[in-house]
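Engineer: Put together the whole structure using the sequences plus the hints.
The residues making up each chain are set out below.
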Amino acid sequence: MINVRAIGHRAVDGIWRLGYASRFFALVLASSGTAFRRFRLIVREIYFAGVLSLIIILVSGLFVGMVLGLQGYNTLQTYGSESALGVLVALSLVRELGPVVSGLLFASRAGSAMTAEIGLMKATEQLAAMEMMAVDPVARVVAPRFWAGVISMPLLAALFSAMGIFGGYLVGVVLIGVDEGSFWSQMQAAVDFREDILNGVLKSFVFGIAVTWISLFEGYDAPPTAEGVSGATTRTVVTSSLAILGLDFMLTSLMFRGI
Amino acid sequence: MPGSMASDNLIELSGVDFAYQRRPVLTGIDMAIPRGKVGAIMGVSGSGKTTLLRLIARVVKPTRGEITVDGKLVNELDQQAVYDLRRRMGMLFQFGALFTDLSVYDNVAFQMREHTDLPERMIRDLVLMKLHAVGLRGAHRLMPSELSGGMARRVALARAIALDPMLIMYDEPFTGLDPISLGAIGNLIRRLNDALGATSIVVTHDVEEALELVDYVYYLSDGHIVAQGTPDEMRSSRDPLVRQFVYGEPDGPVPFQYPARDLATDFRLPD
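Line by line, the protein sequences give chains A and B.
Numbering of the first sequence is given in the numbering used here, commencing with residue -11 and proceeding in unit increments.
Numbering of the second sequence is given in the numbering used here, commencing with residue 3 and proceeding in unit increments.
These aren't lab readings, by the way, just hints derived from the structure by calculation.
Careful, some of the hints might be misleading.
[What the hints assert, rightly or not] Beyond 10 Å from chain A on every Cβ pair, some chain B residues (computed): (1) D86; (2) E116; (3) G231; (4) P233.
[Stated by the list, open to error] Cβ-to-Cβ under 8 Å is the rule here; a few derived chain B residues that face chain A: (5) V61; (6) K63; (7) F101; (8) M114; (9) H117; (10) F269.
All C-beta atoms in this analysis are idealised placements derived from N, C-alpha and C, irrespective of residue type, glycine included.
Structural biologist: Written out as structure tokens, the structure reads:
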């Protein structure tokens, strides 16, 4: 009986929290006016969320592309179609790996930092102090970070894919010696701008909203203690990663069902 | 304060109750702080002192009763009016609550930039004046992480008076300070209040320091005001609760032992 009640409590708590997070999301959108009027606030956060994530995104992209080049070559070679290596590398990256892997990296690099920062600002009463100075912390602190995340994510995903394609080229063409002309021309012929590239950008845009929303909410909602903030940071990474994977499946099934 | 005319009081609370999740925190609070004075709210930890400040700043609403600040009933103000009121209040938080991503200079300039259209040159002069008042003009380039506890508290004080508020509230301003910083903060509270023509409320359990500098004391216990008076009246009070607090006696009306089962049961003594 007690177990049933505990399960019920958890379910109700979860739904309540989801509702609270949705209201928070609506509040962030409604409080975004200040951020856009003072765009420098957003630019500053783009530096912290986007620019400082560049190294991990670029290096990971390069290595993922290089591995794709190696594995792809091994498999394609069996069927004598190694000239399609460029297509394989580009499509895997642009459609899936670019948005998903850079989203996961963004969640653990920038998302966790946002949660920790907001959580600590709350724990050290900085948000309360702002509120006391008649400055709305959601408009001044949360909204600029939200838009910075939403703007940064698609750009990071695009850079990840570009770097990955370069990695595939390095391994496939420079190292193994696949024909350079067919590598690029087949890629150009097979990758469709609307079907593949725009859909990939759309995915990373959606992931950007999800990750930043989760990170900011977890930080804003964190209990104002050391354990509270560390727990919230962990939850950000876990929840964002699951959200990215779940959303990716849904988006893929909507976007590519004709194929 | 009893006896003073109503219009002379910057802050008045009458019959204020506050409950948090149906648990009463404050009950039947009557209080008045006259303009230009420094009032203290004292009491042991958890007696509801900080909640009183939050009520005055309308961070929370009372469950019952009326709170008036500068002639305005704060219970009924909408968000915009609350913000307008808060622009005329400064608050010093327990550990300063400086914005850690901004320099000392930008912390003090924060409200001027948010709420005024002053040119940057004028802001610079104002910021340096405020920092000069707390003795830290030379530290304006430092980041909060480079400050000692006492310095951080003084910067926070400069930030709290940035817009020359009519009311300055201090939440445990002496906690965790060395004797020199403690004396400096105590001195500043009094001096700034008198120089700015402001009114101040100090929430503290630091008896000696507070009794030296304030004009009037409200003593809070379990959410009730159980004693009040001038510092001298508090020192000579016969109320056992006040005496225990003022002279720091370990046992008394506030018991040393946390409530427990009786001794014989816990140590399994024979009857």
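Engineer: Now, for every hint given, state plainly whether the structure supports it.
Structural biologist: We went through each hint and held it up to the structure:
1. D86: 7 Å, violated
2. E116: Violated, because the least Cβ-Cβ distance between E116(B) and chain A comes to about 5 Å, which does not exceed 10 Å.
3. G231: Consistent with the label, G231(B) stays out of reach of chain A, its closest Cβ about 29 Å off (over 10 Å).
4. P233: The claim holds: P233(B) sits with its nearest Cβ about 28 Å from chain A, beyond 10 Å.
5. V61: 7 Å, holds
6. K63: 15 Å, violated
7. F101: Hint on F101(B): holds, closest Cβ of chain A at ~6 Å, below 8 Å.
8. M114: Result: violated, 11 Å to nearest chain A Cβ.
9. H117: Holds: closest Cβ of chain A sits about 7 Å from H117(B), inside 8 Å.
10. F269: Result: violated, 33 Å to nearest chain A Cβ.
In terms of the numbered hints stated before, the structure departs from hints 1, 2, 6, 8 and 10, listed from lowest to highest.
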